[in-house]
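Now for the letters of each chain:
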Amino acid sequence: MSEATDVTEGERTAYAKDVLVDAKGVKVHFPIKRGVIFDKVIGHVYAVDGVDLQIRTGETYGLVGESGSGKSTLGRAILNLEPPTEGTVEFDGVDIASLSGETLRKKRQDIQMVFQDPMGSLDPRQSVESLLLEGMKAHGLAKDEAHASKRLRELLSAVGLPSAALKKYPHEFSGGQRQRIGIARALSVNPKLIVADEPVSALDVSVQAQVINLLEDLQEEFGLTYLVVAHDLAVVRHISDRIGVMYLGAIAEEAEADDLYAQPLHPYTRALMSAVPVPDPLVEDRRERIILTGDLPSPANPPKGCRFHTRCPWKQETKCDTERPVLRVPEIPGVGTGHRVACHWTEQIESGEIQPHEVKAQLVEQHGAGGDESLLGPASISEAL
Amino acid sequence: MTDTLSTSQPHPRSDSDEPLLSVRDLTVTFQRAGDEPFVAVDGVSFDLRPGDTLGIVGESGSGKSVTSLAIMGLLPERGVRVTGEVLYNGQDLLKLSPTQMRDRRGAELGMIFQDPLSSLNPVVPIGLQVTEVLERHRGLSRKAAMPLAKEMLDRVGIPDPDRRLKDYPHQLSGGMRQRALIAMALAAEPRVLIADEPTTALDVTIQAQILAVLKDLVEDTGTALIMITHDLGVVAGLVDTVNVMYAGRVVERAARHPLFAEPRHPYTAGLLASIPRLDGSRGERLQPIPGSVADNLPWTSACAFAPRCSQPIDQCRAQTPELVQHDDRALRCFNPMEVTR
Numbered sequence: 000m001s002e003a004t005d006v007t008e009g010e011r012t013a014y015a016k017d018v019l020v021d022a023k024g025v026k027v028h029f030p031i032k033r034g035v036i037f038d039k040v041i042g043h044v045y046a047v048d049g050v051d052l053q054i055r056t057g058e059t060y061g062l063v064g065e066s067g068s069g070k071s072t073l074g075r076a077i078l079n080l081e082p083p084t085e086g087t088v089e090f091d092g093v094d095i096a097s098l099s100g101e102t103l104r105k106k107r108q109d110i111q112m113v114f115q116d117p118m119g120s121l122d123p124r125q126s127v128e129s130l131l132l133e134g135m136k137a138h139g140l141a142k143d144e145a146h147a148s149k150r151l152r153e154l155l156s157a158v159g160l161p162s163a164a165l166k167k168y169p170h171e172f173s174g175g176q177r178q179r180i181g182i183a184r185a186l187s188v189n190p191k192l193i194v195a196d197e198p199v200s201a202l203d204v205s206v207q208a209q210v211i212n213l214l215e216d217l218q219e220e221f222g223l224t225y226l227v228v229a230h231d232l233a234v235v236r237h238i239s240d241r242i243g244v245m246y247l248g249a250i251a252e253e254a255e256a257d258d259l260y261a262q263p264l265h266p267y268t269r270a271l272m273s274a275v276p277v278p279d280p281l282v283e284d285r286r287e288r289i290i291l292t293g294d295l296p297s298p299a300n301p302p303k304g305c306r307f308h309t310r311c312p313w314k315q316e317t318k319c320d321t322e323r324p325v326l327r328v329p330e331i332p333g334v335g336t337g338h339r340v341a342c343h344w345t346e347q348i349e350s351g352e353i354q355p356h357e358v359k360a361q362l363v364e365q366h367g368a369g370g371d372e373s374l375l376g377p378a379s380i381s382e383a384l
Numbered sequence: 000m001t002d003t004l005s006t007s008q009p010h011p012r013s014d015s016d017e018p019l020l021s022v023r024d025l026t027v028t029f030q031r032a033g034d035e036p037f038v039a040v041d042g043v044s045f046d047l048r049p050g051d052t053l054g055i056v057g058e059s060g061s062g063k064s065v066t067s068l069a070i071m072g073l074l075p076e077r078g079v080r081v082t083g084e085v086l087y088n089g090q091d092l093l094k095l096s097p098t099q100m101r102d103r104r105g106a107e108l109g110m111i112f113q114d115p116l117s118s119l120n121p122v123v124p125i126g127l128q129v130t131e132v133l134e135r136h137r138g139l140s141r142k143a144a145m146p147l148a149k150e151m152l153d154r155v156g157i158p159d160p161d162r163r164l165k166d167y168p169h170q171l172s173g174g175m176r177q178r179a180l181i182a183m184a185l186a187a188e189p190r191v192l193i194a195d196e197p198t199t200a201l202d203v204t205i206q207a208q209i210l211a212v213l214k215d216l217v218e219d220t221g222t223a224l225i226m227i228t229h230d231l232g233v234v235a236g237l238v239d240t241v242n243v244m245y246a247g248r249v250v251e252r253a254a255r256h257p258l259f260a261e262p263r264h265p266y267t268a269g270l271l272a273s274i275p276r277l278d279g280s281r282g283e284r285l286q287p288i289p290g291s292v293a294d295n296l297p298w299t300s301a302c303a304f305a306p307r308c309s310q311p312i313d314q315c316r317a318q319t320p321e322l323v324q325h326d327d328r329a330l331r332c333f334n335p336m337e338v339t340r
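Chains as they are written, first to last, in numbering that gives the first Met the number 0: chain A, 0 to 384; chain E, 0 to 340.
Everything labelled a hint here was simulated from the structure, so no lab data went into it.
One should not assume that every hint holds.
Selected chain A positions facing chain E (in silico; Cβ < 7 Å) [what the hints assert, rightly or not]:
no.	residue
1	D38
2	P82
3	I211
4	V275
Okay, the calculated bits of chain E under chain A, using three or more residues with CB under 8 Å as the criterion [claimed, not checked]:
no.	region
5	92 to 106
6	167 to 181
7	201 to 209
8	219 to 231
9	265 to 271
Built from N, CA and C at the ideal position, the CB exists for glycine as well.
Throw the hints in and build the complete structure from the sequences for me.
Okay, here's the thing in structure tokens:
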């Protein structure tokens with residue numbers, strides 16, 4: 000999975016102009032250490048294991064996956080908050096990892112992050128005014144007082160908060176309002192890209208919609224590019240132009256949001272899609288669910304071959320457990336070049352040639368790395384990440 | 000509410016029409032020294048017959064979880080006042096002594112919580128925790144209980160139950176822990192099972208597994224289920240009757256089909272319009288409910304939802320709406336959504 004194999008040279012140059020983020024072969028491996036005096040590395044958690052990803056200027060790219068899929072780690076790797084173990088991330092044509100010191104700090108102005116938990120990501124002892132000014136000052140955007148105060152008022156009105164909010168502290172706001180402050184803070188330095196990690200999952204459903212609409216409005220107003228990382232497929236589908244579905248550190252399928260919903264091709268995407276509850280009894284009663292057996296395997300000891308083969312109802316005798324599938328455009332009539340799937344048997348599954356079969360749930364060890372059973376590791380791999 | 004129940008599946012125990020659990024005017028007030036009393040649950044009433052499945056839907060602060068804790072007698076005695084009646088087989092559970100209640104809890108009324116790790120004992124193997132329930136409530140010896148415990152784990156879909164009996168909670172994944180908890184709750188064969196956000200902490204593919212297990216077990220055993228959740232999608236495919244709660248009161252109650260097809264309370268309608276649907280059309284803008292629960296008015300003199308409502312009238316801010324039975328539902332609203340059909 001080194002180069003995006005199925006994008007032709009011509010297409011690559013056509014995209015090249017408006018590609019804002021270009022991640023190639025990104026891997027993030029966390030060492031698992033043991034030892035009292037000397038730390039010995041006894042294995043790795045393969046959180047992100049070979050991802051190629053392009054985000055175009057002005058689009059919203061949705062990264063969806065379950066816990067342990069590596070979606071958040073990939074988001075952080077793109078910001079270089081988690082330096083990739085392997086691979087490169089180019090932002091605006093510049094490899095971020097090659098930057099350091101002042102140039103890196105300047106570049107960071109272009110990439111901002113919105114976190115899941117607004118209470119945890121806002122300093123409780125700073126007023127909203129000081130929270131918003133902090134970034135602006137760091138990047139030299141608050142030169143004189145008059146200019147800064149005008150900018151603060153603009154920011155607050157952009158995110159729909161009254162200007163009286165400036166003198167208040169985070170605890171005085173509701174969850175939705177705090178998320179608005181988090182978004183205003185990200186906006187304060189005029190970024191090009193905003194990475195939003197689970198921006199609405201901590202909010203009540205009635206408030207979620209307010210924040211989703213706000214993100215959409217801001218994108219239109221300021222021409223922002225978003226990378227939205229979330230577990231909720233319905234939310235991701237609603238706001239994204241393109242979606243990447245992650246499973247155990249790799250992208251299983253990537254497509255335009257509408258195509259992915261209309262024609263999910265990867266067995267995992269099919270199962271994920273069928274598991275999302277729809278608030279409509281008519282739909283729910285008719286639906287056929289693909290219920291996956293067992294749990295996500297440990298990213299410290301991922302299955303050989305296709306990562307999904309241990310739970311896949313379409314698993315075949317050959318290839319699946321030996322050969323790792325690459326992300327490719329399937330040869331299915333009507334499927335465009337933007338739709339890529341990492342499955343050996345996509346064509347045969349889609350045509351009905353391969354039918355799903357029963358899967359026996361496999362035991363997933365919650366501890367140990369690299370098959371070392373005697374070792375007591377973190378209780379679950381999501382805790383380790 | 001009972002006339003609207005679906006009768007699609009046979010319920011082995013539904014031999015009588017008497018409600019199994021009857022909650023009457025349940026009110027929970029939190030009163031801390033120096034603070035204003037806070038009414039978390041305000042006059043909630045409902046009936047549950049054998050084999051019924053009932054959903055309670057609401058956002059944080061709606062009182063849905065406090066309702067379940069009050070029914071189970073799990074609220075602390077200090078600083079909390081619980082009034083009303085919780086009639087189980089004609090007996091008021093609120094009047095029982097803590098010891099009497101302990102015999103009922105687990106045996107007759109089971110409960111599953113959102114976070115299985117904090118409901119399981121971390122230093123006791125899973126198998127022992129399940130057999131404990133069987134020993135305590137079904138009077139079995141440990142030796143007799145062990146095979147049954149294994150069977151329970153197998154029924155909830157835990158692979159290799161023999162080995163899992165010896166495992167500690169931290170060795171299981173979140174989904175497996177929740178299954179173990181369901182196995183424990185059902186081991187005593189309770190007649191009522193209260194599930195409080197049982198899948199909220201789980202991934203969707205695991206959620207689908209757990210909901211399927213719950214659905215099957217409820218159908219097989221005839222246990223009546225109270226499902227408490229914030230997720231309208233979860234109740235849409237699972238329960239017969241849905242209660243929508245807002246600020247401690249039930250604002251709309253109906254069978255799931257009419258409720259989702261045509262929500263009449265502006266809050267229910269607002270909730271449905273504000274969630275992105277996987278099968279919705281993508282370009283469509285979501286219709287959020289404005290404001291937050293901080294804007295609520297007190298129920299004592301108005302409709303709490305009025306400040307966030309899409310179609311309030313003057314009366315809403317001046318008078319308390321009552322829960323009134325209409326043809327296919329109960330509604331607490333002066334100006335409900337128009338019937339379109």
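Now for the hints, and whether the structure bears them out:
no.	hint	in the structure
1	D38	violated, 23 Å
2	P82	violated, 28 Å
3	I211	holds, 6 Å
4	V275	holds, 5 Å
5	92 to 106	violated (count 0)
6	167 to 181	holds (count 7)
7	201 to 209	holds (count 7)
8	219 to 231	holds (count 3)
9	265 to 271	holds (count 3)
The structure is inconsistent with the numbered hints 1, 2, 5, although it conforms to all the rest.
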